[in-house]
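K.L.:
Given chain A, work out where chain B with the ligands should sit, using these hints.
First to last, the sequence lines map onto chains A and B.
Per the numbering used here, residue 6 is the first one in the first sequence, and the count goes up by one each step.
Per the numbering used here, residue 9 is the first one in the second sequence, and the count goes up by one each step.
Since the hints were derived computationally from the structure, they do not count as laboratory data.
All residues carry an ideal CB built from backbone N, CA and C; glycine is no exception.
Each hint should be verified, as a subset may be incorrect.
Stated by the list, open to error - Partial chain B-side listing against chain A, Cβ under 10 Å, derived:
| hint | residue |
| --- | --- |
| 1 | Arg20 |
| 2 | Gln24 |
| 3 | His27 |
| 4 | Glu83 |
| 5 | Ser86 |
| 6 | Lys99 |
Stated by the list, open to error - Looking from chain A toward chain B, a few residues come up when the C-beta cut is under 10 Å (computed):
| hint | residue |
| --- | --- |
| 7 | Gly67 |
| 8 | Gly77 |
| 9 | Ser83 |
| 10 | Tyr106 |
| 11 | Met197 |
| 12 | Ala200 |
Below, each chain spelled out in residue letters.
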Amino acid sequence: MVNYSEAVVATGLVIRRGRVEVLHGIDVHVPSGQIVGLLGPSGSGKTTLMRTIVGAQRITAGEVRVLGRPAGERSLRSAVGYMSQSPAIYDDLTVEQNLDYFRRVLRAPRADVARVIQEVGLGEVATRMVANLSGGQRSRVSLGIALLGTPRLLVLDEPTVGLDPALRQELWELFRRLADSGATLLVSSHVMDEARRCDRLLLVRDGRIVADDTPSGLLTATGATDHDDAFLRIIAHETEAAA
Amino acid sequence: MSPRLTLATAGRILTQVRHDPRTIVLLLVVPALLVGLIAWIFDDTPVFDEVGPAMLGLFPFIVMFLVTSITTLRERRSGTLERLLALPLGKGDLIGGYALAFGLLATLQALVAVAWAVWVCGLSVEGEVWLLVVVAVVNGLLGTMLGLLASAFAANEFQVVQFMPLVVAPQVLLGGIFLARDEMPDVLHAISDWLPLSYSVDALSLVSSESDATGDVLLDLLVVGVFALGALVLAALTLRRRTR
Ligand SMILES: Nc1ncnc2c1ncn2[C@@H]1O[C@H](COP(=O)(O)OP(=O)(O)OP(=O)(O)O)[C@@H](O)[C@H]1O
Ligand SMILES: [Mg+2]
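In isolation and in its complexed conformation, chain B is listed as follows:
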């Protein structure tokens, strides 16, 4: 792995994205719009303060999962992946390039969404606002790594889009957004312990409801980071220089 090649790869991916302004706008604006919609729907109830933080983690996760899985699928299908792997590019450079490029996009997206939620929609945050951004970015990275992984198991765009409900929906349902996890049936609670999004949701609600939970939040983040790392390792294993 070399920093120069990782940066070159990240730069190339960002240039590709830059040539598609509509995607950038959608990426930055849609999460904010949806957060705004939820705030409006639950205007006179405490619901927004309960689910709003979780939404801030959910959007980067879903969006980065989709964007990465489709970009890497295109890279596999156009032959550029095969070409790159026949060149002196490390697998780490490729994955690192993706993580860096989409990490940056996730950061921008999180900044817009968090600023909008807190200062426009009036989301009440007891803890540190920057922590919300950090959790959102880590979620975006998790989505990127899972997207890289998922693209290896999809033969085409239709399949890769179907992976989204498969990977995302159970995590959303079991993550504690709709019902606190300890109120779920035991089996589901146990399963939710093994889903990274549960820890993100926990971290986000800690940040918004408690003022001195930074330590616990970082612990949750660590768990999410380990999941992302695991997905990264598995994704690297799916990058084969030689095909059968």
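Only chain A is shown next, with the shape it has when bound in the complex:
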């Protein structure tokens, strides 16, 4: 298998949704085998970028290559795992039934269902209807679906939102294991505390990439003490520059 050094390369990417231009000609690089955090204020375009990478969003201009192929190409559909921001799951099926259906669609082995249930910690509610689960449990069902099969790229839109610290910790350990086994992860988040767990950080603001650095590099460059601070400094700096 060819080992691409870049799992995602976007060049001059412009996305228009309806009448508004959401991404304004950005360049994005996601190195293979790393966890890349996608950070930015609400409405900055994180979800839009992720949907473009998984091929669910029409590209207005520019190019996106994923694992060496144009985003959304047929051969990528089983190589890219995607968890959308709101859980895309069937309320009127049990956790197991949800996973089993998507497993069949992916032609993944039957044993994947049990593996994934264990990975996202849903063992106790596996036979419960999704409609009767808590918000955090529902989002973990959605995450579980993205983990089915052997995705080489995982695009996770706020996977840990609404989860307690212990569970967040567990999931980040899982993400690290996946990256160690060769997968690439692009993870969006609002929790700056999670930034330090990433190998690289992409900061998006108003549809532009305003920083692309390692977590420690970002601290050094901004002279900040933590990522919350670094984030605020960059945003403030950008706002000044724009004024």
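P.N.:
Leaving out everything else, chain B with the ligands in the frame of chain A:
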């Protein structure tokens, strides 16, 4: 398209329906109840023998239209459709899965309704009783395909329910149930030639009033099938992997 994925999808939809026993009961019992009511109202008249067969085609059409359009609308709104289309699932697998699952429900519904109409309510059928079932099932499939199509043009549940009178009512009025189509004003007659339900109603009344019209019935069914296929193709076109 792959048979395995189509079957997996049909199985998933049926499991969803199975978790909702009340819907199943309503689906199977309501048409029979309404047929029974019509038979009772027109007890001492020949009316039941005239409109009864048409009712057997009408219910699967309306019910499957509603059930499918709402299920697919939910699939669009919950994000599962977007998710599925980003996975190695063919559009044909999805539509085929819906056709298979709701086709099966339509068959069960037709069996119950036809058995009830013929053996309990005493609907007189000159032709083959099984043909009534077949016409009813094809009508159910037509409703499923139109429902798939309609859900693409509805932004929410309210809109999709409003599509029902829009799609169904004209077909019922012009289909020849209330007045034979050739007695209608010319313009309306011409319009009714282009509505699939007209052919279903024609097929159903042929089955019930003539004993050797199987050929004509199948011809009518073919027309309905072509309409269903057309709706299927249009529905497939509305399934976009990429949104704007
Ligand atoms: N369906 C849509 N049609 C038109 N504009 C949209 C649509 N969805 C999002 N937008 C706009 O695109 C911009 C970027 O939205 P996006 O969802 O990518 O932001 P985000 O960074 O993911 O925000 P959040 O952190 O709140 O999830 C926003 O200004 C939003 O209003
Ligand atoms: Mg978002």
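K.L.:
All hints are to be evaluated individually against the structure, with a verdict given for each.
P.N.:
Against the structure, the hints:
| no. | hint | result |
| --- | --- | --- |
| 1 | Arg20 | 4 Å, holds |
| 2 | Gln24 | 5 Å, holds |
| 3 | His27 | 5 Å, holds |
| 4 | Glu83 | 8 Å, holds |
| 5 | Ser86 | 6 Å, holds |
| 6 | Lys99 | 12 Å, violated |
| 7 | Gly67 | 14 Å, violated |
| 8 | Gly77 | 7 Å, holds |
| 9 | Ser83 | 5 Å, holds |
| 10 | Tyr106 | 4 Å, holds |
| 11 | Met197 | 27 Å, violated |
| 12 | Ala200 | 26 Å, violated |
The earlier numbered hints that this structure contradicts are 6, 7, 11, 12.
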